[in-house]
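Protein chains in written order, with our numbering: chain D, 1 to 194; chain P, 195 to 365.
Calculated from the structure, these hints are not laboratory results.
The reader is advised that the hints may include incorrect statements.
Unchecked claim - Each computed BS3-like pair below joins lysine-lysine, with the alpha-carbon atoms no more than 27 angstroms apart: (1) P/246 x P/234; (2) D/39 x D/16; (3) D/100 x P/326; (4) D/99 x D/185; (5) P/234 x P/341; (6) D/185 x D/16; (7) D/99 x P/341; (8) P/341 x P/326; (9) P/246 x P/326; (10) D/185 x D/173; (11) D/39 x D/173; (12) D/106 x P/326; (13) D/99 x P/326; (14) D/106 x D/16; (15) P/341 x D/100.
All of these numbers come straight from a predicted model, not from anything done at the bench.
Listed below are the residues making up each chain.
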Amino acid sequence: MARPVAYNVKIKPLEKDISMAEMPEGHQGEGFFATSLDKVIGLARKNSIWPLPFATSCCGIEFMATMGAHYDLARFGSERVGFSPRQCDLLMVMGTIAKKMGPVVKQVYLQMAEPRWVIAVGACASSGGIFDTYSVLQGIDQVVPVDVYVPGCPPRPEAIIDGVMRIQDLVGKESLRRRNSPQYKALLESYGIQ
Amino acid sequence: MLTNENIRQRLLEKFPDQVTGFEEPYGLLSFEAPKEINLKVLNFLFDDSELKFRFLTDLCAVHYPNQQGRELAVVYHLHNLEDNMRIRFKVFTDINQPDVYTATGLFSSANWMERETYDFFGVNFVGHPNLKRILNVEEMDYFPLRKEFPLEDQSRIDKDDEMFGRGGSIF
Chain D
1 MARPVAYNVK
11 IKPLEKDISM
21 AEMPEGHQGE
31 GFFATSLDKV
41 IGLARKNSIW
51 PLPFATSCCG
61 IEFMATMGAH
71 YDLARFGSER
81 VGFSPRQCDL
91 LMVMGTIAKK
101 MGPVVKQVYL
111 QMAEPRWVIA
121 VGACASSGGI
131 FDTYSVLQGI
141 DQVVPVDVYV
151 PGCPPRPEAI
161 IDGVMRIQDL
171 VGKESLRRRN
181 SPQYKALLES
191 YGIQ
Chain P
195 MLTNENIRQR
205 LLEKFPDQVT
215 GFEEPYGLLS
225 FEAPKEINLK
235 VLNFLFDDSE
245 LKFRFLTDLC
255 AVHYPNQQGR
265 ELAVVYHLHN
275 LEDNMRIRFK
285 VFTDINQPDV
295 YTATGLFSSA
305 NWMERETYDF
315 FGVNFVGHPN
325 LKRILNVEEM
335 DYFPLRKEFP
345 LEDQSRIDKD
355 DEMFGRGGSI
365 F
């Protein structure tokens with residue numbers, strides 16, 4: 001019997017040869033277009049996210065498939081995987097983080113420049129998963145703030161792409177003042193950062 | 195040719211009444227000795243021209259919480275590479291004073307294995323050059339493989355015991 005597949009069952013025809021990002025809301029007339037700076041910057045940022053993969057186990061293998069030709073994260077502007085935290089926007093933690101690895105994740109997060117986002121891929125990074133044991137960190141949100149959690153053990157590439165698209169959504173809608181807000185400072189403070 | 199019987203005879207000649215508890219589970223000769231003479235026994239097994247147990251395969255500990263006064267066993271797995279013979283040597287110690295002499299003088303490989311045994315069981319290897327945790331986080335304030343400590347992470351706050359098969363209403 002054929003295995004039921006829940007993803008990509010409908011063949012979606014290509015709308016045009018070149019897809020363009022949608023125009024933000026604004027006012028336009030002959031020769032001008034006016035919108036808010038937030039939206040323009042959000043549009044630029046969300047379509048050029050540089051991910052930093054922090055892959056420690058099987059979820060990392062799924063990420064390799066996600067970056068490959070078949071699933072192709074490059075379609076969402078994230079083909080440039082950086083291996084220097086200084087240049088990256090999105091920390092992707094994929095896999096079990098042992099307690100001894102916790103300070104390393106935090107160090108990498110601290111080395112990233114603002115604005116920065118974090119995605120916890122898979123059950124282990126999100127909650128410790130099946131490794132409810134003395135040596136494993138019970139979710140990376142104990143050491144760094146997390147924006148998006150992707151469930152699965154390991155999640156399929158589609159799920160990772162879905163997580164990245166949710167990050168894109170957050171990035172596109174983020175107010176430029178968010179990182180200066182007292183709430184954000186309090187959040188970082190609760191992790192002992194700054 | 196070296197046999198389990200030969201090894202037993204040699205040990206009983208050298209350490210009468212001290213080497214005890216001979217067993218041969220699955221053909222592997224096992225025995226124990228008081229912890230004070232562990233180095234003497236290891237040295238004898240190493241130096242003896244017949245026995246030549248010169249390779250330390252493994253060094254670990256076992257916790258038997260019900261054995262009063264001999265709760266912790268330190269187990270040495272030794273290998274004679276020439277005759278391809280293996281033996282297992284145990285010493286028992288009181289958990290309240292888990293001092294055992296270090297084998298690092300005899301086997302360099304004992305260094306990390308003793309650190310691991312200290313890390314997980316808290317066996318204090320007297321004379322070890324660098325006895326500190328090797329695998330666990332340095333801040334850890336207990337020895338996780340001792341039976342009184344539950345396996346699960348005690349800092350977890352978001353896990354439902356029912357989902358992990360630990361009690362709850364579904365059983």
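Here is what the structure says about each hint:
1. P/246 x P/234: holds, 14 angstroms
2. D/39 x D/16: holds, 24 angstroms
3. D/100 x P/326: Roughly 15 angstroms separates the two Cα atoms, so the pair holds.
4. D/99 x D/185: Holds, because 25 angstroms separates the two Cα atoms, which is no more than 27 angstroms.
5. P/234 x P/341: violated, 30 angstroms
6. D/185 x D/16: violated, 44 angstroms
7. D/99 x P/341: With Cα atoms ~21 angstroms apart, residue 99 of chain D and residue 341 of chain P stay inside 27 angstroms; holds.
8. P/341 x P/326: Holds: residue 341 of chain P and residue 326 of chain P sit about 21 angstroms apart, inside 27 angstroms.
9. P/246 x P/326: Judged against 27 angstroms, a Cα distance of about 31 angstroms means the pair is violated.
10. D/185 x D/173: Status holds; Cα separation ~19 angstroms.
11. D/39 x D/173: With Cα atoms ~7 angstroms apart, residue 39 of chain D and residue 173 of chain D stay inside 27 angstroms; holds.
12. D/106 x P/326: Answer holds: residue 106 of chain D to residue 326 of chain P is near 24 angstroms, not above 27 angstroms.
13. D/99 x P/326: holds, 17 angstroms
14. D/106 x D/16: Violated, at about 43 angstroms.
15. P/341 x D/100: holds, 22 angstroms
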